[in-house]
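Protein chains: 2
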Amino acid sequence: MPSYRAPVDHTLFLLRDVFRMERHAGLRGFADATPDVVEAILREGARLCEEVLQPLNRVGDLQGCRRGEDGSVRTPDGFADAYREYARGGWMGLSADPAFGGQGLPFVLSTMMNEYTASANVSLGMYAGLTMGTIAALARHGDEAQKRLYLPKLVAGEWSGTMNLTEPHCGTDLGLIRTRATPQTDGSYRITGTKIFISAGDHDLADNIVHLVLARIDGGPEGTRGISLFVVPKFVPGPDGEPGARNGVSCGALEHKMGIHGNATCVMNYDDATGWLVGEANRGLNAMFVMMNEARLVVGIQGLALSEVAYQNAAAYARERRQGRAPTGPAEPDKAADPIIVHPDVRRALMGIRSFNEAARALVVWTALQSDVAHRSDDAVQARDAQDRLGLLTPVVKGVLTDMGFDNVVAAQQVFGGHGYIAEWGMEQFVRDARIAMIYEGTNGVQALDLVARKLPKDGGRAAMAFFAELSGWAKAHAVDEGLKPFAAPLAAGLDHLQQATLWLMRNAPANPDEAGAAATDYMHLFGRVALGYMWGLMAQATLADPELAASPEGQARLALGRFFMERVMPETALRLARVAAGSRATMALRPEQF
Amino acid sequence: MPSYRAPVDHTLFLLRDVFRMERHAGLRGFADATPDVVEAILREGARLCEEVLQPLNRVGDLQGCRRGEDGSVRTPDGFADAYREYARGGWMGLSADPAFGGQGLPFVLSTMMNEYTASANVSLGMYAGLTMGTIAALARHGDEAQKRLYLPKLVAGEWSGTMNLTEPHCGTDLGLIRTRATPQTDGSYRITGTKIFISAGDHDLADNIVHLVLARIDGGPEGTRGISLFVVPKFVPGPDGEPGARNGVSCGALEHKMGIHGNATCVMNYDDATGWLVGEANRGLNAMFVMMNEARLVVGIQGLALSEVAYQNAAAYARERRQGRAPTGPAEPDKAADPIIVHPDVRRALMGIRSFNEAARALVVWTALQSDVAHRSDDAVQARDAQDRLGLLTPVVKGVLTDMGFDNVVAAQQVFGGHGYIAEWGMEQFVRDARIAMIYEGTNGVQALDLVARKLPKDGGRAAMAFFAELSGWAKAHAVDEGLKPFAAPLAAGLDHLQQATLWLMRNAPANPDEAGAAATDYMHLFGRVALGYMWGLMAQATLADPELAASPEGQARLALGRFFMERVMPETALRLARVAAGSRATMALRPEQF
Chain A
1 MPSYRAPVDH TLFLLRDVFR MERHAGLRGF ADATPDVVEA ILREGARLCE EVLQPLNRVG
61 DLQGCRRGED GSVRTPDGFA DAYREYARGG WMGLSADPAF GGQGLPFVLS TMMNEYTASA
121 NVSLGMYAGL TMGTIAALAR HGDEAQKRLY LPKLVAGEWS GTMNLTEPHC GTDLGLIRTR
181 ATPQTDGSYR ITGTKIFISA GDHDLADNIV HLVLARIDGG PEGTRGISLF VVPKFVPGPD
241 GEPGARNGVS CGALEHKMGI HGNATCVMNY DDATGWLVGE ANRGLNAMFV MMNEARLVVG
301 IQGLALSEVA YQNAAAYARE RRQGRAPTGP AEPDKAADPI IVHPDVRRAL MGIRSFNEAA
361 RALVVWTALQ SDVAHRSDDA VQARDAQDRL GLLTPVVKGV LTDMGFDNVV AAQQVFGGHG
421 YIAEWGMEQF VRDARIAMIY EGTNGVQALD LVARKLPKDG GRAAMAFFAE LSGWAKAHAV
481 DEGLKPFAAP LAAGLDHLQQ ATLWLMRNAP ANPDEAGAAA TDYMHLFGRV ALGYMWGLMA
541 QATLADPELA ASPEGQARLA LGRFFMERVM PETALRLARV AAGSRATMAL RPEQF
Chain B
1 MPSYRAPVDH TLFLLRDVFR MERHAGLRGF ADATPDVVEA ILREGARLCE EVLQPLNRVG
61 DLQGCRRGED GSVRTPDGFA DAYREYARGG WMGLSADPAF GGQGLPFVLS TMMNEYTASA
121 NVSLGMYAGL TMGTIAALAR HGDEAQKRLY LPKLVAGEWS GTMNLTEPHC GTDLGLIRTR
181 ATPQTDGSYR ITGTKIFISA GDHDLADNIV HLVLARIDGG PEGTRGISLF VVPKFVPGPD
241 GEPGARNGVS CGALEHKMGI HGNATCVMNY DDATGWLVGE ANRGLNAMFV MMNEARLVVG
301 IQGLALSEVA YQNAAAYARE RRQGRAPTGP AEPDKAADPI IVHPDVRRAL MGIRSFNEAA
361 RALVVWTALQ SDVAHRSDDA VQARDAQDRL GLLTPVVKGV LTDMGFDNVV AAQQVFGGHG
421 YIAEWGMEQF VRDARIAMIY EGTNGVQALD LVARKLPKDG GRAAMAFFAE LSGWAKAHAV
481 DEGLKPFAAP LAAGLDHLQQ ATLWLMRNAP ANPDEAGAAA TDYMHLFGRV ALGYMWGLMA
541 QATLADPELA ASPEGQARLA LGRFFMERVM PETALRLARV AAGSRATMAL RPEQF
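So the sequences go chain by chain: A and B.
For the first sequence, position 580 (counting from the first letter as 1) is numbered 580 according to the UniProt record's numbering, and the numbering increases by one without interruption.
For the second sequence, position 444 (counting from the first letter as 1) is numbered 444 according to the UniProt record's numbering, and the numbering increases by one without interruption.
Keep in mind the hints are simulated off the structure, nothing from the lab.
The beta carbon of each residue, even a glycine, is placed where N, CA and C say it ideally should be.
Derived lysine-lysine pairs resembling DSBU-like cross-links, with alpha carbons at most 35 Å apart: (1) A:Lys335 x B:Lys257; (2) A:Lys476 x A:Lys458; (3) B:Lys476 x B:Lys458; (4) A:Lys458 x A:Lys147; (5) A:Lys485 x A:Lys458; (6) B:Lys147 x B:Lys458; (7) A:Lys257 x B:Lys335; (8) A:Lys257 x B:Lys257; (9) A:Lys458 x B:Lys335; (10) B:Lys458 x B:Lys485; (11) B:Lys458 x A:Lys335.
Residues of chain A placed beyond 12 Å of chain B at every Cβ, according to the derived structure: (12) Arg67; (13) Ala80; (14) Asp186; (15) Asp204; (16) Asp207; (17) Gly238; (18) Pro243; (19) Lys458; (20) Gly473; (21) Asp496.
Sequences and hints are given; from them, build the entire structure.
Structure representation (structure tokens):
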């Protein structure tokens, strides 16, 4: 059975030493987040994840969700109690507006709790994650009455949320949506249509489920410009605000999935369900993007989270499993064999995973802090710059952390040899669970296109140029620093590749849009490696800035992990640039029927 | 539901145009393999795989194997009939010795049938594959009586075979084996012990099961030098050669696995079972290596096979699924959306998979032909050179084709978006089934070590030097050929990286064996990319040698696939070299308890 310990110490290192959270004390909610409070929150969150959520992870996989004949869905044994404990602990509203019962604490804290939650039990965590996304969308786009009606219940975790986009014939291409909304005289709408792949679409964890649904108002324009967003509660709230009559929405079937069995992935049937418009008519995609962008960060974090828990279990196995001898001679001659952690190839795998995990966590913290600044700063320029960075990094966090995270989970499984393939050891569940993160909330190919075709050229390339300037400045500032040179030099090389690739795109994509598409995935990964390399630079800097830490075994280990990353992962930037610069000719050479 | 069409035309292109099989007409069994016979065999094998084996693939996954209270194992519905049809078709003995009922045809033909079989139904194919491995081991190391007793039944497919190596506490490190063999006065042995992860350990497909079992004879030396090989039939054959009394061997449990559910992976209990020594006492590992090396090729082919069938289904989906518009403008303006094959990022994925598949198939054909030459040539030097190449390429085929094959199956699943995660579409089964190939028959880390620490230095590096010389000669010969330059130049660059990495190992590994271990996996992948690049060179050469073919849509498509590979995959050799040359310092820096 796998185990899990939340990496609180590394999180605290990032918040305190690397990103010095106290610098943001002027932001709303940050003053309350004193170092003691932050540590207490993270340790309490860790305990909940380790002791309550993680023990249910395997039963969730084995039992899955079950749908009754009436369409009601039962979650695996123990999920409901655990979810209520999570809600009672105030985790759903940790960073939500106090006006609606939230604690108003920094978003970066609930983000770190998201990581721990997904490591412990990604299926169970998704119910909470979708609720938090619903809170964010209604807080931004709901009217006052909607906020008053839904937010307190959602923040308290008494009600939960979902997002309904996909239909059988359309996923990425939301302009094809067929679900219809017919206006009623009382200002509400009748919603009819079928949505698929609806995570947490029905369950027994909460008293009510608040569906956010994309639909087309009768007579609305074709394509994405005719899509509106509706709130459709499972039970229509009565005048007292409590769940009332059953609405015309139900789970028609549960999908049989590769993993995340504990999460109910539903076909949702809307049959004259009553819904209310959220935000402006025909501007539903814009409103939904709030939820989607937050969800993309959460999904990116899932890539890290599963990589982390898989790493922890692989490392434990490698310390215990005895097989063969160290190539340099027996490490424990009195035993029949050495633990396999003596083998360099096993080390290579573990170092690769861990050096990613620590950099990815840093990138998540950094990105979440941008979100805090963007949404809580009173300084317009500061907020704009943070928003730029958040927009730029969101597809990178989603696409790169889930791709690399999945590869890492597979590598961790490999450490177990044959036992990694056997269900009882739990590693194969991590692989199956991690796989979805590359797909949902926009496939990673869509993330890459978002980065290349939307985020990069936006505002004349302002966000990317600021990002490049920041990294370039750091690399130059530390180019001759003996301790940081092993970080600054590879980062400068990687950044040069990234800038070359960017230039290549600017030169070639306008004349032939296929060039952007053929380059997108490699460009995104090039971007991601550079961003992660920068995180290692910052972590090394924070380590070396404290001579005691730098000399400690912990500091030495961190610097070695960073060097491993710079030596073994950063050279990939040249490969990615070569692929970008290869262009689209060979890629597009075949006729469709030749595939 | 996934479908499958065996790539017979590409196989024929390789056998005829690329490797010109007729050059080997002097080898035993090759004279019978005229072009017409070869094509007829491949087409009949393809039919069997497409029509009989493939339709059972999903039911095998859903039902899995079931163990009765008496330890007997039932395979999924339809498997027994299909297996008998396979056996009756003579496929088990296609390249086996005619003296025992085989057809004596080239090994390369049964190898290609192995690919088709694994694409269609890898779980079902494994029962046959293990039987073929048992045939090979007994043919090489059994005594005359054993051959007469077992081979005709195995070749006819009436009996099946297994290999029993792993025990709960030992997989890679076979020196730790505890299963004991006690000599009896009649020359037989009593075998007692527990083996785990025994594929096809029990089932209802054959009248008898012939277990090849590694065990330690009482009082034998410690470690690998005390391991002997035994044949232990499930039913002890009577004087008439027919299955007689039940032996003391049974399936104690079935493993719950991530995939290959249709194959019975058994815990096998040997309880005073009667067995007979195969080959010399205490030389069991050598005898088992015959079976293992053959099995490693078969497993490498599984990587290709699953990549192929996943590709075919992803390509079909991409031609049908409509979503969005081509970046260069609507391809089918009269439809609501274009098929997703218009998107360059989808193309990138498909081209990547297919350009691997074709090169991997070429490498498999080439390697299998080396096996034919090694075992069937009367020219000692020719046989030795072929044996060199076979030994060198076996870990590369196993390790690289299963790693890249798995990545490709994941990429093919990605083309399906959310539908790729849903069981009904079949793609997630391919991922789960493909995962095991990286683990069994020696994890890919073990393959890498076999290549670096054993195959490379063997006989003063003779095999590797000959391989490098061949590739270098080809690259030089075509360096200024306009058509082949796009292949020769990247191949020369890749080969240069491979030779630099080899030199680096020769210089650094002797002083510190950790250097070989830390470099091994990247070295193996570097080697694999170069070998695959050479295959593209040969395929391009054969295409361009026939002006009509070169000008045809098929020839143009093949050249584009090859260019894609050279432009996008070959640059990876620089990355792999950089990782090799990074050395082991950072890799080995942490103390075990720091992980």
